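Number of protein chains: 2
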Amino acid sequence: MSGQYRDYPKHLIRKLPRYYRYLNEQKQLGREYISSNELALLMGISPSQVRQDFNRFLYNGYHGVGYNVSAILEQITELLDLKTKKNTIIIGAGNLGQSLSNYDELKNCGFEIKAFFDINPKLTGAVINGIKVFDMDKIGEYIEAENIVAAILALPTEGTSEIARKISEYGVTMFLNFNPVFFEFERDVFIENVHIDDNLMMLSYKGAGERNDEK
Amino acid sequence: MSGQYRDYPKHLIRKLPRYYRYLNEQKQLGREYISSNELALLMGISPSQVRQDFNRFLYNGYHGVGYNVSAILEQITELLDLKTKKNTIIIGAGNLGQSLSNYDELKNCGFEIKAFFDINPKLTGAVINGIKVFDMDKIGEYIEAENIVAAILALPTEGTSEIARKISEYGVTMFLNFNPVFFEFERDVFIENVHIDDNLMMLSYKGAGERNDEK
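Chain order of the listed sequences is E and W.
Following the UniProt record's numbering from start to finish, the first sequence increments by one per residue and tops out at 215.
Following the UniProt record's numbering from start to finish, the second sequence increments by one per residue and tops out at 215.
Next up, chain E with everything else stripped away, as it sits in the complex:
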């Protein structure tokens, strides 16, 4: 792919994973075509917004029967670079790290888990879900030798940002962070923070409305 997509506004790019999910569900259900009206309903946006997005971003061959589901999925896959293999390590081989190593979506997005790293020396050498655990001391040479570009930060502890900063110096440019302490890098190193706390707060809000309605 070319680098042309970088100029798209972030709020438009942010919609693509949701389009992908809904379209993929429709594909699994055997749908070949979908109308802008149906897709708008799934996305919770207006049909004209869907058409606008598709004219700007995606497959715009609407031919009466609707948009071709597979063709759009193919385009999103390319836009988001999901097919490119990204050698990935998981830092933290505890419960969270272990459960993530089983997570199918990693592979679907091109993230291939090559190794665990953990500060607990008792775990060194263990093999979990077919993936070996290495000692943190070896992380720099491993990253360079295995061409690791992505790291999943599954550490519950403080010190996560220091570890991330250290390994970014060896060439890791993509981080998926589960630690509730968030941090940023200078440009060219990218973090996605998983905000489970946001989900919890929204759930609390929704449930509060429900409880109030009952009164």
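Incorrect hints may have been included.
List time: in silico DMTMM-like cross-link candidates among lysine to aspartate or glutamate, alpha-carbon distance up to 20 Å [stated by the list, open to error]:
1) W/Lys27 x E/Glu186
2) E/Lys107 x W/Asp197
3) W/Lys27 x E/Glu184
4) W/Lys10 x E/Asp198
5) E/Lys27 x W/Glu74
6) W/Lys114 x E/Glu184
7) E/Lys83 x W/Glu184
8) E/Lys114 x W/Asp197
9) E/Lys10 x W/Glu74
10) E/Lys107 x W/Asp198
11) E/Lys83 x W/Asp198
12) W/Lys107 x E/Glu158
13) W/Lys107 x E/Asp197
14) E/Lys85 x W/Asp198
15) E/Lys10 x W/Asp197
16) W/Lys83 x E/Asp197
17) E/Lys15 x W/Glu74
18) E/Lys15 x W/Glu158
19) W/Lys85 x E/Glu192
20) E/Lys85 x W/Glu158
21) W/Lys15 x E/Asp198
22) E/Lys27 x W/Glu184
23) E/Lys10 x E/Glu158
24) E/Lys27 x W/Asp197
25) W/Lys15 x E/Asp197
26) W/Lys85 x E/Asp198
27) W/Lys15 x E/Glu192
28) W/Lys107 x W/Glu74
29) W/Lys83 x E/Asp198
30) W/Lys107 x E/Asp198
31) W/Lys10 x E/Glu32
32) E/Lys107 x W/Glu158
If you're looking for bench data, these hints aren't it; they were derived computationally from the structure.
None of the values given here were measured: they were computed from a predicted structure.
Given the coordinates of chain E, assemble chain W onto it according to the supplied hints.
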């Protein structure tokens, strides 16, 4: 709290957890006041948008020194009903469920974990992080006896939506779902889906731009 907040548009409510996180960070750093300009920078929105949100939603006592951080946090806590204790169960006592049972934000949002439930009979009776594992057969009576209102779906398997539907009939109205298969309920039962796949796709996109820039 009264039920008046339900009429706020969802996109405004969705901002509150982010305000909460940034303001809480500032509070931890010892800040008592923050200006709309500073907060706008953290949130990635315009200062006038911050002032507009605060006039509509939140503490609007801006007095030259800025907004009172603690006062706003207090208001968001009330708006989102975070202080109300919500008796909660985790369904699935595997790696994901276990790691979630340690997650501090649950308690901070009022979700108190009372029990695990698991289909694996070998786990029945075990105590994990101080929380007992029960057999799925007992779930209905447990929910009613212990006044459970929320459930965390930490099942990797299919069948999650059937389990959720079943236990909603016993009175659970709030679900946090980690299963990549998403589903909806009729009104008055609320689901928050944790979309780790969205984070992965965005990370792939960002990294792709980086790799292209290098070419």
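When the hints from earlier in the document are held up against this structure, which numbers fail? 1, 5, 6, 7, 9, 17, 18, 19, 20, 23, 31
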